[in-house]
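As you go down the protein sequences, you meet chains B and U in turn. All residue numbers for the first sequence refer to the numbering used here, where the first residue is 1 and numbers rise by one. All residue numbers for the second sequence refer to the numbering used here, where the first residue is 1001 and numbers rise by one.
Each hint should be verified, as a subset may be incorrect.
Stated by the list, open to error - Away from chain B, derived, C-beta distances all over 10 Å, residues of chain U:
hint, residue
1, Phe1015
2, Glu1108
3, Leu1135
Said to hold, decoys possible - Here are the simulated EDC-like pairs of lysine to aspartate or glutamate, each with C-alpha atoms no more than 16 Å apart in a straight line:
hint, chain 1, residue 1, chain 2, residue 2
4, B, Lys106, B, Glu145
5, B, Lys295, U, Glu1117
6, U, Lys1144, B, Glu232
7, B, Lys295, U, Glu1058
8, U, Lys1144, U, Asp1093
If you are wondering where the hints come from, they were derived from the structure by calculation, not from laboratory data. For every residue, glycine included, the Cβ atom is placed at its ideal position computed from N, Cα and C.
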Amino acid sequence: MITILETAPLNTVQDLGRPGFRNLGVGSSGVMDPLALKIGNCLLGNRADDACIELQTYPFVIRFETPTSFAVTGIDAPITLDGKPVLAWSVETATAGQILQVGIPKTGARGYVCVGGGIDVPVVLGSRSTQLRGSFGGVEGRFLEVGDQLVTQPAAEHLSGYGAVPPARVLDTAPCEEKTITLRAIPGTDHTRFTEDSRERFWTQPWRITPQSNRIGYRLSGAPLALLEQVELRSYGIIPGIVQVPPAGEPIVQLADANTAGGYPRVATVIESDLWRLAQARIGTSICFVECNHKAGVDAEQPINSYLDDLRLMVAHYRASSQSRNGAKPGGKA
Amino acid sequence: MMGTRAMLFEAPGAFTMQQQQRIWALIAHTENRPDIQELVPGVTNLLLIFTHAPEHPEQIADWLRDAWETLPPLQIAGRLFEVGVRYGGTLGDDLAAVSAHTGLSPEEVIRLHQAGEYTVCAVGSAPGFGYLHGLDPRIATPRKSVPSLNMPAGTVTIGGMQAGISALTGPNGWNSIGYTEICLFDPHRSPPSLFAIGDRIRFYPESIEL
């Protein structure tokens, strides 16, 4: 059990999402940065679909009411357990009564408080994710509030002292310029409906993330894009990552809490493997879209899968040796 | 393709019930493919979301085109819902705008709205929201340039050539002409959505406030 001692709006319980109900108008929800949750769950030996707390506002303070293993992933931030610093992306085990505080991130935007066994809220339509628009899932379909108590699994052993290398360090092929991120995207159905100049600018000019950016979508600002002629599209199903261009010409990237259908022209779709980078990009960051084809988009999953495979091996190895250490008698052979 | 893991099939031609029934036929034909995670019907289109990024999407596209050309339209009898509407008043306060746009009196707008039978083409956008076909073209009214910020769930609306009942309270660009008290979505009900594809809806006036 954990108790929320301090939180601002926008923090919710999320898992990997709720696929399968878009035909009823229910979007996927789920963590904005699925890689960070996968890493947290892997470190703790959880199931892939275990839920965590997604942080978007700080500071966030909780009290562990029972011994609990945890890891905070997604961000680099000042994190303390009873005032003592704790590393991000690493496993620690709190004793009952200890207080975890997560401060404002130095890098990244969305932090994930993952706990051993996952956050246990009722499964609604196959997922524990909070569906804010539909007001269900998570804790009563709403943001977490001070005083909320969340059920967790008491830790059976004292895990600590191991962690993951933050994925940005491993997966970023080219060093990024300060405050700029590169996202690979596949041209969309309506790409050719834009003027030649607009098409070229979409892929070359930097797009700034505006304050009107959240779990629903990111609104970007930059010199507007123009269509060759106005077009009235019929409503069609959309997915996270699709880049739509409303009449004013500045693109929107639809994300986890987006509607399931839309009607704006589609200029491109950010590949799934890069959505976690967008989830961690803060307001004011610039985005450069880099065109890629289907094969490159599929191949982009490979480094992420290898990273997770390596992590799984490391965690299995560490936990096995930790168990044998704990099982050894004092004075026994190391 | 939409990204690497989704493909949108768009039917050529106008928005007719027959084209929509061909989309329904395509859904029935596609839903048993083992590579499908979700099928998302739209208005004369269908989004396929795959469990994994397909290696050869062009083969699936060919398969879909072939199915589209050969499958007969799928008729779905659906259930008939009779929905009582409180027309006008503060919960239907775009009635005047619809009247002004169409050049018809508010009484005539209401008469034409409740005279038709509507069909649920697709459920989407928000949980339980049905895109309704069957609006009398004489009362078609474009979406508002400035959306209402907090339109209540249950508002009876017109958006261009489409009719609807808003499923959630929130911002909405469609024109409100009335209000009804039905609950369109309950995650703990099975099925959660009141409306399904092919269901028919008739509106009748519970009250009129002009």
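These are the hints, each one checked on the structure:
1. Once the 10 Å rule is applied to beta carbons, Phe1015 of chain U is inconsistent with being away from chain B; the minimum gap is 6 Å.
2. The Cβ of Glu1108 of chain U sits about 26 Å from the closest Cβ of chain B, beyond the 10 Å cut-off, so the non-interface label holds.
3. Every CB of chain B is more than 10 Å from the CB of Leu1135 of chain U (nearest about 14 Å), matching its label as outside the interface.
4. Distance check on the hinted pair: Lys106 of chain B and Glu145 of chain B sit about 24 Å apart at the alpha-carbon level, beyond 16 Å; violated.
5. A distance of roughly 47 Å separates the Cα atoms of Lys295 of chain B and Glu1117 of chain U; the hinted pair therefore is violated under the 16 Å criterion.
6. This hinted pair checks out: Lys1144 of chain U and Glu232 of chain B have alpha carbons roughly 15 Å apart, not beyond 16 Å.
7. Taking the CA atoms of Lys295 of chain B and Glu1058 of chain U, the gap is about 12 Å. The hint holds against a cut of 16 Å.
8. Simply put, Lys1144 of chain U and Asp1093 of chain U have alpha-carbon atoms about 13 Å apart, close enough for the 16 Å limit, and the pair holds.
The structure fails to meet hints 1, 4 and 5 from the earlier list, while all remaining hints are met.
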